[in-house]
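Engineer: Using the sequences and the hints given, assemble the complete structure.
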Amino acid sequence: MTLSEQQSSIDRIRQDARERFEALGFPTSRDEDWKFTNLAPIAKLKFEPAARDFERASELLRDFPANANRVVFLNGSYAPRLSSPGIVGTIRQTPAPILELHLARHADYRRDAFAAWNTAAFEDGAFLFIGARRVVEGPVHLIHISVPGAGPGSAPSVAHPRNLIIAGSRSQVSIIESHLGVQTYLTNAVTEIMVGEDAVVDFTKLQNESVSAFHIAAMHVSLGRGSAFTSRVLSFGGALARTQITSVLEEGSCCTLNGLYVTRDRQHADNRTTIDHAKPHATSHELYKGILDGQSSAVFNGKIIVRKDAQKTDAKQTNKNLVLSEGATINTKPQLEIFADDVRCTHGATVGQLDQEAIFYLQSRGIGREDARALLTYAFAEEMLDSIRDEPFRVYTGQLLSGRLAREATA
Amino acid sequence: MLEIKNLHARVGDREILKGIDLSIGTGEVHAIMGPNGSGKSTLAQVLAGRDLYVVTEGQVLYNGADLLALSPEDRAREGLFLAFQYPVEIPGVSNLYFLKSALNMIRKHRGLPDVDAMDFLALVKDRMQWMDMDQSLLNRSVNAGFSGGEKKRNEIFQMAVLEPQLAILDETDSGLDIDALKIVAKGVNALRSPERSMVLVTHYQRLLNYIEPDYVHVLSEGRIVKSGNKDLALTLEETGYAGFESAA
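Those protein sequence lines, which keep their order, are chains X and S. Last residue of the first sequence: 411 (my numbering), numbering continuous. Last residue of the second sequence: 248 (my numbering), numbering continuous.
No lab work stands behind these hints, which were simulated from the structure alone. Incorrect hints may appear among the rest.
Said to hold, decoys possible - List of simulated lysine to aspartate or glutamate pairs, EDC-like, C-alpha gap at most 20 Å:
id : chain 1 : residue 1 : chain 2 : residue 2
1  : S       : Lys151    : X       : Asp355
2  : X       : Lys320    : S       : Glu89
3  : S       : Lys186    : S       : Glu28
4  : X       : Lys308    : X       : Glu357
5  : X       : Lys316    : X       : Asp341
6  : S       : Lys100    : X       : Asp202
7  : S       : Lys18     : S       : Glu28
8  : X       : Lys312    : X       : Glu326
9  : S       : Lys186    : S       : Glu163
10 : X       : Lys316    : X       : Asp202
11 : S       : Lys151    : X       : Glu357
12 : S       : Lys18     : S       : Glu221
13 : S       : Lys108    : X       : Glu370
14 : S       : Lys100    : X       : Glu337
15 : X       : Lys46     : X       : Glu123
16 : S       : Lys108    : X       : Asp371
17 : S       : Lys18     : S       : Glu3
18 : S       : Lys100    : X       : Glu370
19 : S       : Lys100    : S       : Asp134
These numbers were taken from a predicted model, which means no experiment stands behind them.
Structural biologist: Next up, the structure:
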């Protein structure tokens with residue numbers, strides 16, 4: 001029995017989500033969570049069904065370093081001919097009784113309109129289950145591609161990717177979720193990740209949407225006792241892109257949330273994290289770096305909650321921004337809500353420009369001014385890519401980053 | 001090789017160089033000495049092209065061409081090298097990558113192809129031995145976390161790899177203990193050649209015990225107030241700068 005065949009509790013949840021979405025409507029700037037991110041351009045869009053343009057999709061994947069364990073979704077639905085799924089399944093292929101245990105149990109669709117919309121409207125997404133004690137070699141790729149129509153000027157489309165990842169106790173896996181596309185569209189993604197006891201999950205998200213696309217994503221991560229979860233969110237594309245991560249930490253778990261956002265022209269990147277230290281002895285590290293150019297803008301909002309019995313919590317949050325132009329703006333806001341007394345929490349945010357002394361130093365050795373700027377900018381960002389374990393993907397993202405910075409240098 | 005004529009420069013509203021005249025021939029080593037605030041480092045930075053300083057008057061000819069019209073990178077590509085008084089830390093850029101980029105930029109300017117990777121490594125390892133530097137420094141970020149002495153040695157190491165025509169050493173001796181000073185001097189002496197000129201900017205005579213200059217100039221309040229041979233440095237060591245300031 002699959003999801004589409006069976007009347008299950010999931011159908012009731014989706015019906016509930018539909019009602020919530022209708023009741024909530026699109027958030028506005030009066031909503032504190034959306035104060036600096038204007039959704040008017042999305043609200044104006046009239047979505048139409050997209051064509052299934054496999055050729056354009058496979059063009060986008062030409063240099064993409066993913067061979068085994070890869071599922072590809074085109075405009076929200078599974079594209080078997082672009083996939084080599086290996087150990088990954090899809091939501092539609094997965095029997096409802098399995099899905100029911102976790103799907104939509106974690107992401108908050110009651111208060112989050114976009115999560116509600118996704119829950120009500122999603123067509124498909126990746127389903128990954130890693131059995132207890134299993135160690136997966138190499139990364140698992142979840143790839144979401146949007147190609148709205150055949151020609152330029154075609155109507156925008158919308159996709160609601162929905163991913164569910166369950167890592168059994170003491171399992172280990174590395175996952176890469178990528179978003180690519182052309183033209184104008186909206187991606188409204190939700191990813192739920194359950195990290196079992198003592199499991200180790202390494203997660204990379206590459207947001208390299210079309211520069212005229214909109215990307216709204218919610219991730220929810222539950223960390224079991226003694227588990228370790230590391231994420232790095234690389235945000236390069238999109239006219240407006242937001243990734244919101246909520247993680248809930250069980251006793252003794254370790255949560256690392258890293259991110260890099262690179263914006264130019266009129267791009268807007270919004271990164272929002274909530275780390276909920278629900279239980280004692282958990283550790284969290286967070287480092288988000290931003291590079292802003294042109295008239296672009298970015299938001300970083302990092303909330304850390306330390307619950308009353310979460311003693312011996314160790315939490316560190318850092319946000320560093322490199323602003324390359326006068327027209328760019330960054331809003332950075334740490335939010336610490338601490339209800340326990342024996343904890344260590346630190347946070348810090350910096351906003352700076354390129355070091356003129358360093359530029360001159362490089363020039364004095366024969367390196368041109370623009371090359372010097374690009375080199376220093378790349379050096380600022382590089383540490384965020386260094387920890388990507390899969391070498392082909394690390395090289396690939398390094399090239400994407402260089403390309404982005406080179407274009408900034410000539411602009 | 002270098003001809004400085006009536007050079008005036010200021011930072012903000014403050015005039016620091018008030019008419020420098022100096023001529024440096026090919027293969028010569030000149031020492032420029034002077035008290036703090038006399039304008040020594042400003043002269044070095046102006047020659048390298050730091051835009052913090054504004055040249056208000058005068059001229060600098062380098063191999064007969066207008067040096068001040070060139071960008072800092074083009075000066076470097078034309079063979080000018082400044083060893084910084086305060087070398088800059090560049091986290092995230094490895095020494096090796098930095099030096100290779102610099103060398104290739106200079107080679108490209110001269111119409112040469114990129115340096116062969118193996119040749120480059122051999123060159124770098126050889127020059128590191130001169131400077132008694134550990135090879136692990138190659139993969140570390142430029143100057144990041146280096147001690148004061150390591151930074152100064154790294155400057156001379158870069159110079160040894162880039163092989164400039166005209167090297168300006170800005171207070172390379174300051175902050176060095178005697179052992180480090182000897183290593184730095186050894187590197188500089190190894191680079192002395194009939195085709196290469198050097199300017200040693202220093203506050204103290206100490207460095208000149210190890211690197212013997214052909215000429216010594218005393219800079220005070222933005223002007224060269226006395227020039228002579230290496231004996232002038234010894235006189236300075238005895239009398240101090242006080243007498244020269246009144247002469248300015």
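Engineer: Now tell me if each hint is right for this structure.
Structural biologist: Results of checking the hints against the structure:
Distance restraint check for Lys151 of chain S and Asp355 of chain X: the Cα-Cα separation of roughly 18 Å lies within the 20 Å cut-off, and the hinted pair is therefore satisfied. A C-alpha spacing of about 18 Å is found between Lys320 of chain X and Glu89 of chain S, which places the hinted pair at or below 20 Å, so the restraint holds. Simply put, Lys186 of chain S and Glu28 of chain S have alpha-carbon atoms about 17 Å apart, close enough for the 20 Å limit, and the pair holds. Of the pairs offered as hints, the one joining Lys308 of chain X and Glu357 of chain X is violated, with about 47 Å between alpha carbons and a cut-off of 20 Å exceeded.
A threshold of 20 Å between alpha carbons decides the hint, and for Lys316 of chain X with Asp341 of chain X the separation of about 16 Å falls inside it, so the pair holds. The suggested pairing of Lys100 of chain S with Asp202 of chain X is violated, with an alpha-carbon distance near 34 Å, which exceeds 20 Å. A distance of roughly 24 Å separates the Cα atoms of Lys18 of chain S and Glu28 of chain S; the hinted pair therefore is violated under the 20 Å criterion. Restraint check: the Cα-Cα separation between Lys312 of chain X and Glu326 of chain X comes to about 42 Å, which exceeds 20 Å; the hinted pair is violated.
Pair hint Lys186 of chain S plus Glu163 of chain S holds up; C-alpha atoms about 15 Å apart against a cutoff of 20 Å. The straight-line distance between the Cα atoms of Lys316 of chain X and Asp202 of chain X is roughly 19 Å, inside the 20 Å bound, and the hint therefore holds. Simply put, Lys151 of chain S and Glu357 of chain X have alpha-carbon atoms about 15 Å apart, close enough for the 20 Å limit, and the pair holds. In summary, the hint linking Lys18 of chain S to Glu221 of chain S is supported, as the alpha carbons are separated by about 8 Å, within the 20 Å threshold.
Taking the CA atoms of Lys108 of chain S and Glu370 of chain X, the gap is about 16 Å. The hint holds against a cut of 20 Å. Our distance criterion of 20 Å between C-alpha atoms is broken by Lys100 of chain S and Glu337 of chain X, whose separation comes to about 49 Å. With a C-alpha separation of about 19 Å, the suggested pair Lys46 of chain X and Glu123 of chain X falls inside the 20 Å cut-off, and the hint holds. Between Lys108 of chain S and Asp371 of chain X the CA atoms are separated by roughly 14 Å; this keeps the pair inside 20 Å, and the hint holds.
Taking the CA atoms of Lys18 of chain S and Glu3 of chain S, the gap is about 16 Å. The hint holds against a cut of 20 Å. This hinted pair checks out: Lys100 of chain S and Glu370 of chain X have alpha carbons roughly 17 Å apart, not beyond 20 Å. At roughly 18 Å between alpha-carbon atoms, Lys100 of chain S and Asp134 of chain S fall within 20 Å of each other, so this suggested pair holds.
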